[in-house]
Amino acid sequence: MSPLILTPNIAGADDFYAELLAVHDGLSKSESDAFNARLLLILANHVGDRGTLAAALEAARDTGAG
Amino acid sequence: MKKIFEEPLYPYARSPDQDCVHTIRHPVVVIGAGPIGLAAAIDLAQQDVPVVVLDENDKVSFGSRAICFAKRPLEILDRLGCGQPMVEKGVEWETGKVFFDERQVYEFNLLPEEGHERPAFINLQQYYFEQYLVERVRELEAEGKPIEIRGGNKLLRVEEKGDHVALLVDTPEGEYDLRADWLIACDGAGSPTRAMLGLDFVGRVFEDNFLIADVVMEADFPTERWFWFDPPFNRGQSALLHKQPDGVWRIDLQLGWDIDKDEEKKPENVIPRLRAMLGDEVKFELEWVSIYTFQCRRMERFRHGRVIFAGDSAHQVSPFGARGANSGLQDTDNLAWKLKLVMDGLAPERLLDSYDVERIQGADENILNSSRSTDFITPKSEMSRILRDAVLDLSEHHPFARPLVNSGRLSVPCIHDGSPLNTEDALPGGPARSRPGAPCPDAPLAESFLLRRLGDGFTLLTFNCDAPDVLQEDGITLRRLALSTRDDPTGALAERYLGEARSAVYLIRPDQHVAARFESYDEVRLRAALRRSCGKEIPA
Ligand SMILES: Cc1cc2nc3c(=O)[nH]c(=O)nc-3n(C[C@H](O)[C@H](O)[C@H](O)COP(=O)(O)OP(=O)(O)OC[C@H]3O[C@@H](n4cnc5c(N)ncnc54)[C@H](O)[C@@H]3O)c2cc1C
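Going down the list, the sequences are from chains A and B.
Per our numbering, the first sequence runs over residues 1 to 66.
Per our numbering, the second sequence runs over residues 1 to 540.
Bear in mind the hints are in silico, worked out from the structure with no lab data behind them.
Among these hints, one or two may not hold up.
[Claimed, not checked] Residues from chain B that face chain A, not an exhaustive set, calculated with beta carbons under 8 Å:
(1) A13
(2) D393
(3) F400
[Said to hold, decoys possible] One side only, chain A facing chain B, incomplete, derived with CB under 7 Å:
(4) S32
(5) D33
(6) A34
(7) A37
(8) R38
(9) L41
Ideal Cβ placement from N, Cα and C applies to all residues, glycine included.
Throw the hints in and build the complete structure from the sequences for me.
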């Protein structure tokens, strides 16, 4: 398994973040939800490794406010 | 012409048992002449175990029921002598199409692996399947095998007495008592036997209704499986179209939870729905219309002393993935040889506990798979619907998303890893698919297929390796089937049984599951493996 990277790993992080916001511009809440779901699935498939995906699920779950 | 499901196939006839002063005791009584009860009876009678089947009814099953039969059950039916008519009459299909909203998102081919005698799947009405089983029972009777079906015999009371089972049976001519050494309860999902013994049946109900219709149509739809998510003719729900023989088509329309079942079933409501789906030009007639709510549940244990449950009485699944009858046949396949050995005094009673272990594993696998399909088809929350729709949208453009689409997974037999009957794998480099616990994969031989050569007993399968032709161990006979590279015209045998190994010795159970495998013949280890596969002690 390739370990889940939880340290900065995106070059030009501010640019990426702006792109992420920009694709949602003008979308309704349900269009945005659908977009996020597609993006999530595309990225998950790219990662592929089940161990890494499990670590990502855990990291996301453990950091929410809820 | 009368349809097969209207014909009494085993009408009530008075049995001499009803006129006896003393209660008659039979070695095995089966409750229910559904597909699973009949399969159990055929399996036992073929091996000369006397068996009586009681059913309150006298016809094959009524209404829309099973249509998909997978390869492993067909192989089991070959052993029971009725695989051929199934395959001859059944419809084979390989192409499936998935639609989302108004468009086809993708098409797939099952691409079955070559080198198997039986197809991955056939579609066939359950009433034909039951008819072929009844015909096989008649054939066995004609051969003088000890098998009998009693129609119009309804089980009223059952008691497990420790060394036998006591039954009270109702008939059109009144009640009579019976005893059985062993009772196999194949009386369906609503099992009266289960209820009379006060046993549990827990699980999950899916809050959804499905309109299941069988329609006869003159249409040139191809022989394919079409599945729709959220189509214009059934908004927010799903639909399925699947072909059966005789121009009959199975249509499933998801209706949702809050509906009026009686209203929805009326032809004046069903027909417009079907028109919207099939188009106005298509002429069709309704054969059956029913509304089902699906459940996934099982008994905590399938064996209760001398009463053993098999088929829907023991476990129930939603039909997505076609695992009901398919898994019931695997139950009786697993049970019959074990019961015979125990009845003949050749194996200890605890061999029957391995039926529980192995078939509960199978039931859990089926429940897991069919629950996942049902959850995909009927998303349980807003987010699960969002994710589901994202998968479908992506599947139109990107192959990676297609394996995530789940409208039912092909029913495959389970591999009994960890079964108490297995001996640890001792074939280095052997293929994983034929490891101990696995059902033997079929493979072409020079003039036949491998599974045809295995028969009903224990087999010692040797590849490129010497061994005795017959071995006796504590009353059990092991017969050798010797194969070599010469018997392997396609290389499939080597691929499925040797892998990296040069030679192999397989110990195969009567239900064609692998019990043990070695690189070469070693009498001591083989005898120990054979004892273990029958639940016997292994002398130190
Ligand atoms: C819509 C639908 C689609 C399906 N599709 C598939 C599929 O594609 N593939 C698949 O493998 N499975 C499918 N199934 C499941 C399949 O139909 C069942 O798993 C199968 O019929 C179970 O067989 P059984 O013999 O255990 O029980 P049943 O067929 O229910 O038979 C039980 C028998 O017991 C008898 N009986 C009941 N009570 C008594 C009594 N008191 N005394 C005497 N006799 C009694 C009944 O008369 C009946 O004959 C589907 C089911 C449905 C509803």
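### Task
Using 7 Å as the Cβ threshold, decide whether A37(A) counts as touching chain B.
Given a least distance of 4 Å, the restraint on A37(A) holds.
### Status of the hint placing D33(A) at chain B (closest C-beta pair under 7 Å)
holds (5 Å)
### Query
Hey, does the S32(A) contact hint survive, CB to chain B under 7 Å?
Given a least distance of 10 Å, the restraint on S32(A) is violated.
### Message
Can you verify the interface hint for L41(A): is its Cβ closer than 7 Å to any Cβ in chain B?
### Response
At about 6 Å, which falls below the 7 Å cut-off, the nearest Cβ of chain B leaves the hint on L41(A) intact, so it holds.
#### Entry: Status of the A34(A) interface restraint (C-beta, 7 Å, chain B)
Because about 6 Å separates A34(A) from the closest Cβ in chain B, which is inside the 7 Å limit, the hint holds.
### Interface restraint verdict for F400(B) against chain A (beta-carbon cut-off 8 Å)
holds (4 Å)
### Query
When the nearest CB of chain B is found for R38(A), is that gap smaller than 7 Å?
holds (5 Å)
### Task
So, D393(B) near chain A? Judge it on the closest CB pair being under 8 Å.
Result: holds, 6 Å to nearest chain A Cβ.
### Message
Holds or violated: the hint that A13(B) contacts chain A, with Cβ atoms closer than 8 Å.
### Response
Since chain A brings no Cβ nearer than about 60 Å to A13(B), farther than 8 Å, the hint is violated.
Of the numbered hints stated above, those contradicted by the structure are hints 1 and 4, listed in ascending order.
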